[in-house]
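Protein chains in written order, with this note's numbering: chain A, 1170 to 1342; chain B, 1279 to 1697.
It is possible that some hints are incorrect.
What the hints assert, rightly or not - Derived list of chain B stretches under chain A, where covered just means 3 residues or more per stretch with a C-beta under 8 Å from a C-beta of chain A:
1. 1283 to 1296
2. 1302 to 1310
What the hints assert, rightly or not - Listing some non-contacts, in silico: residues in chain B with all C-beta distances to chain A over 10 Å:
3. 1378
4. 1393
5. 1394
6. 1662
To be clear, the hints were calculated from the coordinates, so they are not data collected in a lab.
Note that CB positions come from ideal geometry on N, CA and C, so glycine has one too.
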Amino acid sequence: MRSRHDDNEAAFAEFVRVRQLALVRFAWLVSGGSYATAEDLVQDALARLYGRWDQVSDPEPYVRTTIVRLNVSRWRSARREVLTALHVDRPVADPELELVESDTGLMRQVLALPKRQRTAVILRYWCDQSTEQIAAALGTSPITVRSNLNRAVQRLRTTWPAADPASTHGRQR
Amino acid sequence: MTIDFDAALADAIGRTADAVELRGTDIAAGARRRHRRRARARAAGAVALATLVVAGGVMGVATLRTATGHTTATPPPSPSGHPTPPPTLPPYKELMALLATAPSPETIWPQAVRHLPGHLPDGSTYNVITEVEPGVYVVQVSHGVESYGSVYRYVPASGDLALLLDARALNPDPRTCCPVGRARTLAGGTYTAVQTVRSGHATELWVVATATGATVDHVTIPASEGEIYSVDRVEGHEVWSDNADTPHLYSSTDPGRALPGSAGFAMTGQDGWAVATSGSGVTFWNLGTGQRRSYDAPSTIGGQPLAYGDPCAAVWCTATATDRGTKLITVVGLDGVAEGRTAHVSAGQLSMEVVGSGFALFSGADQHTVGIWDMRTGQVAAVHIANLEDLATGTGPDILTLPPSGGDKVLLDLATVTG
């Protein structure tokens, strides 16, 4: 007979299997283009979810919000990992970074934005979140989010469209 | 025809995100491991990281040199009285070669190895928390890797086993019952404590006298959803925690108040030390004694912010950053050893954590062979483990549980090594 623990384990494993790529991509964007950091953020967020699986009704928003909060307070989250496990952190190339660095365009500017501005841009333009939703994720006020978005967009516009030749292949109207 | 900026931005983000692919890491397993570590670490709070090592074999004993090149058992004291220069990291291949030839702890530190019964008198499996007096241990029943149970005072020689803490009786809420981490001893073993969590997300600290099991304190600390914060009971009945972003003081009669001047500081989980960084360096503040130490230390490496804090032990504090897959570590001495000195290294596949006072565990890509390095003498022993949980630190400062042997639980008393 399967126990409740076994059921939770299976449900958690299935959630991770199905959603891990999307979560890593999201974390990669908000972290500014570091795969190692993205994976670290996702594992940290999932570790928190794992401990609360019974209590979280909708895991994906919970994990995404956790990723955002861990990333904006990275210093504090790293501090909490007291027991540094004997964890192998293999040096690897970052093909995504190479992709971005070979592109002088808009995305390079996005990844160079300050952390909160970058996160607000990703949540607005990639996740289609409202100002209020972004404020909730970042733990700040909608006014601050609007300010961050305005500053970010102003900065990005100064180098656009000339900065991103590829963007001319995007949607036009 | 105009190009819509919003659409172009969304398109650029989407195209870039689509290029990110998984790299084969078992993320679910990693998350489970982190959950277990977090649970253990919340109550442990006494492990740290360090960096250093230069490989070399001397007289049949694996030895790591100090930064000054000494390979002798006792590095010369510095003029300031600090005996150990800051560490440097050897090439990875040299370190692994040393690990491959290092002897067992029994070979080089026979006086420090102890054999205890593999099970308690009632048949339970257990973890050793610490030794509170010669031959007397505080132990905790284990129900697998993640589950922590009752805490006992155990005298192996006589078989005496006295219950100290039963979280099921203290916190009968079946949803949140039982310790969230390993028990720990306080005030040199006088008290023993465990943390539990209630469904309202409050962390509770239960403290008993180790000698009698009598309850001496019960402190409730409100916590945010999903978080359990480090707790430092430094002295008296006061508890410092930083669940409100800055260190707060709690007690059984005080619901919590911010400590004046603590803005920007965060608890390290180590003996009442809080830490803050600024553009000019890092400042440690012992909330129990009021002592402050400020060091000139980098705030970033390779453009990545450094994380100072929890990895603090009696000897070292460290900060880490990850820069394109390479782990960088910097060391800040917190007490008399290498105090105020820093070094940063590219650790690559090397993993390292500091235990006790001046010891480090390290491994390479093969995590089943782990080196135990006495940083004061440079000696290295190696242990071979079937799984990571076979090698465990206690919450006391100087007890390391080695892989079992012949049905016995095997301990390495690091204090005896240094003595």
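Just double-check residue 1662(B) for me: nearest Cβ-Cβ distance to chain A has to come out over 10 Å.
Residue 1662(B) is indeed farther than 10 Å from all Cβ atoms of chain A, at 13 Å.
Consistency of the no-contact label for residue 1378(B), given chain A and a CB cut of 10 Å:
holds, 16 Å
Three or more residues of the segment 1283 to 1296 of chain B near chain A by CB distance under 8 Å?
holds (count 14)
Non-interface label on residue 1394(B), tested against every C-beta of chain A at 10 Å:
holds, 23 Å
Chain A over the segment 1302 to 1310 of chain B, status - at least 3 residues with CB closer than 8 Å:
holds (count 6)
May I ask you to check that residue 1393(B) keeps its beta-carbon over 10 Å from the closest beta-carbon of chain A?
Fine: 24 Å to the nearest Cβ keeps residue 1393(B) off the interface.
In terms of the numbered hints stated before, the structure departs from none.
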